[in-house]
Amino acid sequence: MIRSLAIALMLLPALASAQDLAITHAEAWTMIGSGTGAGKVSDATIVVHDGRIVSVTSSGAVPAGATVIDVGGRMVTPGLMNAATQLGLVETGSADETNDKSSSNTTLGASFDIQYALNSNSVLLPVARADGLTRAVSYPGAAGTAPFMGQAATIHLTETGDILERPQVAMYVQIGSATLSAAGGSRSAQWQLLRNALTEAGRYQPGKPDQPISRLDAEALQKVLKGQLLVILTQRESDIRQAIALAKDFRLRVAVMGADEAWRCADALAAAKIPVILDPMDNLPISFDQIGARLDNAAILGKAGVRMAFYASGNTIYLSYDAGEAMREVAGLAVANGLPYDQALAAMTQGPATIFGLSDHYGTLAKDQDADLVIWDGDPLEPGTYPWKVFVQGREASLETRQTLLRDRYAKPAALPPVYQK
Amino acid sequence: MKGSFSRVWLPVIALSLFCPATWAAAPHRAPYRPPVVRDEKPKPDFAADKAQAHPIPFLLGTNPSTYKPLPRQDVLITHATVLDGAGHRFDDADVLSRDGRIVVIGQHLDGGSSRVIDAKGRWVTPGLIDPHSHDGTYSMPLTSIDSDSSDVSELSSPIAADTWIEHAINTQDASFLYALQGGVTTLQILPGSTPQIGGRAVTLHPIPATNVAAMKFPDAPTGLKMSCGENAKGYYGGKGMRPNSRQGEMANFRDIFSQAQAYRDQWNHYHADPHGPPPSRDLKLDTLAAVLNGDLRVNIHCYRADDMAEMQALATEFDFKITAFHHTVEGYKNPELFTKTGTCAIVWPDWWGFKMEANDGIRENAAILDAAGACVTVHSDSPVIGQRLNIEAAKAAAAGRHMGLPEAPEHIIKWITSNPAKVLGLEDRVGTLAPGYNADIVIWSGDPFSIYTKADTVMIDGAIAYDRHDPAYQPLSDFQLGRKAGVMQ
Chain A
6 MIRSLAIALM
16 LLPALASAQD
26 LAITHAEAWT
36 MIGSGTGAGK
46 VSDATIVVHD
56 GRIVSVTSSG
66 AVPAGATVID
76 VGGRMVTPGL
86 MNAATQLGLV
96 ETGSADETND
106 KSSSNTTLGA
116 SFDIQYALNS
126 NSVLLPVARA
136 DGLTRAVSYP
146 GAAGTAPFMG
156 QAATIHLTET
166 GDILERPQVA
176 MYVQIGSATL
186 SAAGGSRSAQ
196 WQLLRNALTE
206 AGRYQPGKPD
216 QPISRLDAEA
226 LQKVLKGQLL
236 VILTQRESDI
246 RQAIALAKDF
256 RLRVAVMGAD
266 EAWRCADALA
276 AAKIPVILDP
286 MDNLPISFDQ
296 IGARLDNAAI
306 LGKAGVRMAF
316 YASGNTIYLS
326 YDAGEAMREV
336 AGLAVANGLP
346 YDQALAAMTQ
356 GPATIFGLSD
366 HYGTLAKDQD
376 ADLVIWDGDP
386 LEPGTYPWKV
396 FVQGREASLE
406 TRQTLLRDRY
416 AKPAALPPVY
426 QK
Chain B
-19 MKGSFSRVWL
-9 PVIALSLFCP
1 ATWAAAPHRA
11 PYRPPVVRDE
21 KPKPDFAADK
31 AQAHPIPFLL
41 GTNPSTYKPL
51 PRQDVLITHA
61 TVLDGAGHRF
71 DDADVLSRDG
81 RIVVIGQHLD
91 GGSSRVIDAK
101 GRWVTPGLID
111 PHSHDGTYSM
121 PLTSIDSDSS
131 DVSELSSPIA
141 ADTWIEHAIN
151 TQDASFLYAL
161 QGGVTTLQIL
171 PGSTPQIGGR
181 AVTLHPIPAT
191 NVAAMKFPDA
201 PTGLKMSCGE
211 NAKGYYGGKG
221 MRPNSRQGEM
231 ANFRDIFSQA
241 QAYRDQWNHY
251 HADPHGPPPS
261 RDLKLDTLAA
271 VLNGDLRVNI
281 HCYRADDMAE
291 MQALATEFDF
301 KITAFHHTVE
311 GYKNPELFTK
321 TGTCAIVWPD
331 WWGFKMEAND
341 GIRENAAILD
351 AAGACVTVHS
361 DSPVIGQRLN
371 IEAAKAAAAG
381 RHMGLPEAPE
391 HIIKWITSNP
401 AKVLGLEDRV
411 GTLAPGYNAD
421 IVIWSGDPFS
431 IYTKADTVMI
441 DGAIAYDRHD
451 PAYQPLSDFQ
461 LGRKAGVMQ
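So the protein lines, in turn, are chains A and B. Using the numbering used here, read the first sequence as starting at 6 and increasing by one per residue. Using the numbering used here, read the second sequence as starting at -19 and increasing by one per residue.
Just chain B, with the same shape it has in the complex (with noise of 0.2 Å):
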């Protein structure tokens, strides 16, 4: 697309009032609003009174985000190499952003009494989105007590859906630094794989906090995490417990399920007609109901395509969406599986054979999956990897050039931005810089995709959260503070 921006990009004419020559999403989605809260006037009426009393409790117990952006000012970013994250380059240009939204993206804006910074050419995207972490439970430094007892997966049962990953956050572990100095601004966390329903997964901001409900991305979807392939039958089954099969995990998820769709109908019908007591409350039910409502996002580690292909029927048989398959080790032996249903392809680059069903992973996963027309993203499941997520789309990238799938970056940057906020049911706030779109972007050294470059100033809703220049911006984990960490800017 790369000069193209007259033909995919109109002016809008309210935003070129102070900007001369203006590129504004016209055929763009319109920008977030927050939903509306219906004003319902409560019915006289004794029944529904009393199932308000009970509402249905599929989705009760959150923590709501108390989530407060850094302070912040007006930015005018100019001169600067843009791909905006919907697969748009624009060279030159300026991306101005007001009160934590992206207003426009033009040129020669003028930004009024905006903070103006200079890119001289450097490139500009999207906040990136990692989909997978386990950042604030897997928390560094690792000790003994974390191989006995992190607090990654509950493991004393394969269906650990009642659990909630944000009751485990240690909101300072220095990870979430790392990947924020990498230019990651939001990050889904989610249980580990060992369970087969590893649990709920929460979206946060890398912005360390003394609480999780501080860092929770406001009113952003919740996910599901789980599971399929060797983890669960290996560990239980290595206990003496179910299961030991792949076909004992597959018969604990129809068995979980036909319970959740009878729990569920139990609510509905209760709140249809609401006499006597409520059905009492099942925790691990809720969570699973709430799938089958489309509450939650399903996301499942899985590795091989026909375990990704028994996923898939037994989502059919239950009727509910994956959102996401994780690793997707074998992605590319059955693109179909993806294009067909929507369902986004979280991979590795460059990690595989370290287990039976890992076998097969090879490095034009990505480009494979993409070029076949999936929602490809990747992802990062280590804080090691967390800190460069730009590197992973890059390798996985070169990859598929190297086998005759050349993508332009701009392209290429949809893998760790918007692609990702499609799997956290974000894209209409973040992972695209256009009008409306929460102002999480990274100003890079250069090239995105150069192991030379680094993420020089991240920004989250308009607020500088991490400047590589600036000591004032370039936080540390109460962890480091005092203990000669090596840190380095």
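Same shape as in the complex, but just chain A (with noise of 0.2 Å):
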């Protein structure tokens, strides 16, 4: 018995990964170009060897030897990409010691990276891919170095092994009423921290003493001068049509995130080819920033040809927690005011992809993509629905998380208390 055992788990990474996979009979959306439909293909086979796509074909063929799962026209997607999350760094938000979004240390302004504090292990991390989350985007929050916030990295969310995937995806400065205090009290005086920094760190001579940014600010901002991506928080459209500018005269490759007035300059983003990160959800005159806050706001940038990523805020709450349920509602509340369903998948998967450049391995069905597949038991985007199952890399993950321990062992009677089931 533990002999078999012992072989068979030495075996069970072999056969995994070089196993094929044939998921027959699904309803495939392969995100592949754009429009009504959004490459779906219906009665699909999805064929996956060693954790790639390999074809997804209309009543395609299953090749020989391969597990096969039928999934009985459910629709089938690939994993989901949340575009703004603190998964990997927030555990519970309140404490401190497991909460690693953000410095209050000057010495590292545009140069935090978060990328060195992730958590794999992470018990939000499960909850989140049981939700139809396979990738992230984990951001840096606020800091005491206004604009700046630092350096972003995507994150895999598979089962074993680092969560990292690509770090210093993107630089991050906030712009507006958040942070105002941090920078001297006026937007103003944030864009021209912004903007000095970015000259002076085109300047910067290494060795060189007494320069007006340090080493390791420099650094970092002369990577967003050669294209790393800068993402702007910000929500004005005033502040908005900053970030155009500044896109423009620093040659600067710009999204902007939050952006709930983005709908006032859709075409100037779409012209400027700026791609837009937001939460569908916000429609509320929650700050000064935000009075022109509404549920079309992804509908209207649709329209005008913006790329956009979702992600979902809730308070600040479904930046951890949920991040997978939630994101999928934002998006269903985006369709339910006027975004093609397509775009708000997109939104999900090759929209974050590509502007998180991602897009080489992820984000579509396309042959040569990772297997990061979710077949759900309904529309992804209503409330109701849940993944059947979750494939990362071609492997079957567990829908098991915390949650459901804990729902179960206070759920099953016994004789013996709840903390003794495990």
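Be careful, since some hints might not be right.
What the hints assert, rightly or not - Now the stretches of chain A that chain B is said to cover, found in silico as 3 or more residues with beta-carbon under 8 Å:
(1) 97 to 104
(2) 389 to 397
(3) 408 to 416
It is worth saying that the hints were derived from the structure and are not from the lab. C-beta atoms are modelled at their ideal positions from N, C-alpha and C, and glycine is treated no differently.
Hints given; two lone chains; assemble the complex.
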């Protein structure tokens, strides 16, 4: 018994990675191309080899020896990607020991880099994965060095190993009323600090003493000058237009995030090819920067041709907790308010994949893409829908979470108290 | 109950005169009638006169409602999919309201001169009730002024029992109107949870006015907000004040309730034998004496199961009833706490984890408590969520379904209608569509538990307060007026 188990364990990784997988009778949303349907393939056979997509074809043949999973017409999408989370950085938000999203250390401004804090054992990761999330951006919180927040990473929600996928995928700055005081009380100061820092970073000379910018920040901002994405968290129309101007003046690759009033400059954003990372649930004038917030922001941006990626804030709770479920809900709201369905799905797959530079291996169900797949038990944008199965690089992931364990130990009466049930 | 209305619903002859097929609520409680004021003759007794000059003050100071329904006409909604809030579903049903009250639910009704709204299969539910809102006190937009001194809590003392949240309501907070657009017709505004006793609550209709009295639900019972756990000990302890521990919180509670017992006894003695000066007035103890007399409905913010058990022990010691626990993140760990006491469990479907006492939240909380027989309600606590209580309920129901506790829409709707009506003590007036109930009605564009559905028409007391397709019924807050607001209909 023990010996056979040992052999099985030895064989397991080899089998799992080498074995072919065929998902049959799927309604596959490949997210290839654009337009209604987003490359939808009916009665699809999705063939996976070695953790990657081989083919997605209607009524396609099943390779010999492949493990077949007949999904009975269920919808299949790429694993979803949330474009703004603090997964791996925050465990219990108010317990400082478990919250690494930002630093008050002012020697680290633009150079603050969250990659070193990522906790692959966070219990929030399985929750997000069980809701269909296989990738996310983990971004830094507001810091004492406004407008600079630091550098974000993309994470891959694998069950084992390091979740860090790509560090330093973007530099984050926050402009607007939320961080005014840290920048001296005026958003003009925020923009000037940002512009000046970029200028000084460009002029920085290694080894020369007494320069107006630290070596760390200069090196970080030089990456932005060389084409690293600069994500500007901002809401007000005037600031979004400033972001467009900044991108032009410094020839930067910029995305705006939050962007509640982006609909007011949708055409300008489209013309500048500036993508928008937004929470479609934002519709309240919750600050003076958000007077124009409205539920059809995504619909208007989509119509103008702006590339989008979604996230959900939920008073910042959803940045860490239920980051998969909440993002699907806000995407549903975007559709309820005029965004075409395929564009909503794209804003959770190939949209963020493209914005954050992962589209060579993630974001669609094209050949050679990672086989991150979610088989849904219904419409993923409806609150009643859960993943039926989740695959990460071709491996089926457990849908068990600390929450389901808590649920089950209290739901099942037993002779011993729940604390004895694991 | 779908399709079985003939068993549950019996025709009422008086109403069937104008409705060929009628379902009315036979086993139901009687329609609400305002309390009868007894006309007691003053006793020719000097002492009694003196007592009347100094009545027991525990409930004095109320700001009586001056709310008037909006202009209305009688309405007959036809061909609707009705979830009545009492657990029934009626397909292709008609709902007739007259003079602001539901008259009858049936089929092929003749509404006489009533305005007819053909629902064409759309769904109709009671107006939604949010038992936990801070609208009007954490007013949008939030500014640095609010971070220093919002009106959500009086923070100078952990026992703010003398405060009444109605004295702080910014009636022009746009949050009310977003809630209204989401189908909310009644909300309980609670003080915040930083003080242990946050003060008295108020029940409003989300129809902004120039003063809170004009928003107040007429003759509604009043709630009290209390809180347990991390908030008070963290805030006051952080300032070097008491309490800085859970045991300190409990000691504070027992101390103030002991004082309230003595205070109540003083007044009772005075009234029994009104010689000498009346007891000196204490506004904090007024509130807690009213709790002891059962005249205020106790709402307690609690997360952990053990905290809730402690609060129940407090209630037992001082012989008051806890109407509802709010947030109730660990409610599922001890459903008996609710089923034995009748205390309602007010929950979020998926807000948890952000502090230590919220670590063990599960999405199935509502469904597990509901299956155990508890009165379950979802709440907003936030204007963001306050627009979508139906989706909050949908998420909680989906989690239950996912674990094998399926419930039909006609049951789930209770979580946001008749159950919160119980929390507010208004279960005989709102939260259910049945004869005699207030005509608080939402016509939804589809299944109210779908993300794609919107509230098309929202009626309060038989008057249309919001209509998604008619700009005349799309209110705009004073703050947003002239500001290029992003309001989208």
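Now the hints, each set against the structure:
1. 97 to 104: holds (count 4)
2. 389 to 397: holds (count 3)
3. 408 to 416: Since 6 is at least three, the answer is holds.
Of the numbered hints listed earlier, not one is contradicted by the structure.
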